Amino acid sequence: MQKKSENRVKPERVLLYTVIILTSIVMAFPLLFGLAGSISTIEDYVRTPWFPIPYTPTAQNYEIILSGGSDVLLWVRNTLIRAAWYITIPGAIGILGGYALSRLRFRGRDNVFLFLLSSMMMPGIVYMVPTFVMMARMPLAGGNDIFGQGGSGVINQWPALLITGLVNVYYIFMFRQTFATIPIDFEEAARVDGAGTLRCLWSVYLPMLKPVLTVLVIFQFVAIWNDYTWPLFVSTGNPKIWTLSLGFQYLALGGAQRKGLPGSITDYTFVFALATFAILPLIVLYMVMQRFFVEGVQGFAIKG
Amino acid sequence: MAVLSRREKISRWRYRNRHAVEGWLILTPILLYFSFFFFFPVVSNLLLSFTKWSGLSGAPTWVGLANYRRYLTDSTYLQVITNTIVFAILILVIQTALALLIALLLNTKVRGRGLFRSAWYIPTLTSAAIMAQVTAVFIAPSGGVINSVLTSLHLPPVIFYVQVDWMRAIIVVYSVWRGVGGPMLLYLAALQGIHQELYEAAQVDGATSRQLLRYITLPLLVPMTIFVLITGVIGTAQIFEAVLFLSKGGPANQTNVLMLQIFQDAFSNQSLGMASAGSIVLGLILLTFSIVNIRIMSRGSVGN
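Quick mapping for you: the protein sequence lines, in order, are chains A and C. Residues 4 to 307 in my numbering are what the first sequence spells out, letter by letter. Residues 4 to 307 in my numbering are what the second sequence spells out, letter by letter.
Next comes chain A alone, as it looks inside the complex:
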């Protein structure tokens, strides 16, 4: 009797699964649509408007993206340079700042910490416009004189894409909290062996900070890979330094011509291929690092 009741499918379970499966499909639909559309020929794509079925799958769109003639690889390179920079520098500053604010004791330390913390409530837009002006008025750059007049400063040049946002108070905070959980004995043992502060940070703490660092790398990479607003502000005029999100809109328009089709046709399959190309690395990253994504998001809640 008991076994029978266990095996019986409860109606509310069926309802539960139906709801979850259907809503999950709805969530995934735009991405699946894009993936299927990206490997369809234009004829196949038009045949079934509700969902493209690639009867004759083609990689033509991806070949165009990856061919030397297109700028996509340059933009990917630019994005990767920015990502590497914005992982290394804010990460290093975060570790050093977190160390100073937790492991070193000196007068004024807690005031510095409060001063830095007070900035976390300020939305980025409150300083974006003046920062843009600072970039444009950078003295002796881009045709500017010593007073920052006459030229365009570092606008549309690499420094504008790399100079802001290097001190990330959230990361300093995150590392400060993590240092506080590590017993000081490890550092003291290393110091007895004659290690200095940098040596301690590198050999003693860095291995222990790995989980937090992984979270930083993942979230910083996703943020920079998708960053759009600031590159739009400061690099629109120079396609050579565009990042992927910025170059995307330009390429999306020219897809049809690249296949020798009349320019008036908007080739949506090409738009989908570009979008899939831009999103795929992040999905792979998520699949491989799923545990760290969950931990990272939860860390934001617990510590932030």
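Because the hints were derived from the structure by calculation, they are not lab data. Small disclaimer: the values here were computed from a predicted structure and weren't measured. For glycine and all other residues, C-beta sits at the position ideal for the given N, C-alpha and C. Check each hint, because a few of them may be wrong.
Said to hold, decoys possible - Simulated DEER-style distance windows between Cβ atoms: (1) Arg116(C) x Thr59(A): 22 to 32 angstroms; (2) Ala193(A) x Thr31(C): 51 to 61 angstroms; (3) Thr217(A) x Ser8(C): 38 to 48 angstroms; (4) Gly117(C) x Phe118(A): 39 to 49 angstroms.
Keeping the supplied structure of chain A fixed, place chain C upon it in accordance with the hints.
For chain C alone, coordinates are given in the frame of chain A:
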């Protein structure tokens, strides 16, 4: 023995004395950078908001509160403020409620939870700019996915771009699609943090599953809800890419939002004073939202 302990004493003394030197060695560059790229822009932004300046040449001229007066009297700017607030609240409420609902469903020991969780979280990883352009393909007037489906069903196509309500709905749906993943993960974490014994004890007392939800689960989720709402509103009130690519603020400025208006004022209208005033207005709206959220939610938890 004695020699060793003295050596240890000396090394500790040197270690302690190094604290202030090393601390300031690390924090001084951080504070300098921070003053230059955060403090200075924030103050300049505030000052610029009282001026009229093209940003291209010449010096700003002081106009007092004129920019703010324009923001609060000019119907165009009032509309932008209203739109921002309406979008922020609508998106925030829908995405938080949906996140809670899905987290509750996924928390009921469903099989394949990782897969469903991925389906709900992956949209968060996508670039707002790129996916907005993919969404634009869905709603394109001719050849767009929705209209192709309508045509194949012999229904009249809808020109979404000229219909305010449709554009508002599309912007909200798109933003919720991208925004629901983070809060969903947070709610899942909070749900897993609730001790199973609480439920067991209540079940012994004869509580129904609805009562468990009402009197145990939901009250215990209040702190997480406060966090989700406060961090969420910072994102939803700064809505930008969705509007830029889906409606460009149209039709007739009726879906325009503050971020887009700031962008247009700074770069198209060459009116940095208005742009700065706009970012102060946006900052104040965010601050108000956060305070109201904390007030309401803390009162709610006391009431229970």
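*Going through the earlier hints one by one, which of them does the structure break, listed in rising order?*
Hints 1 and 2 not satisfied by this model.
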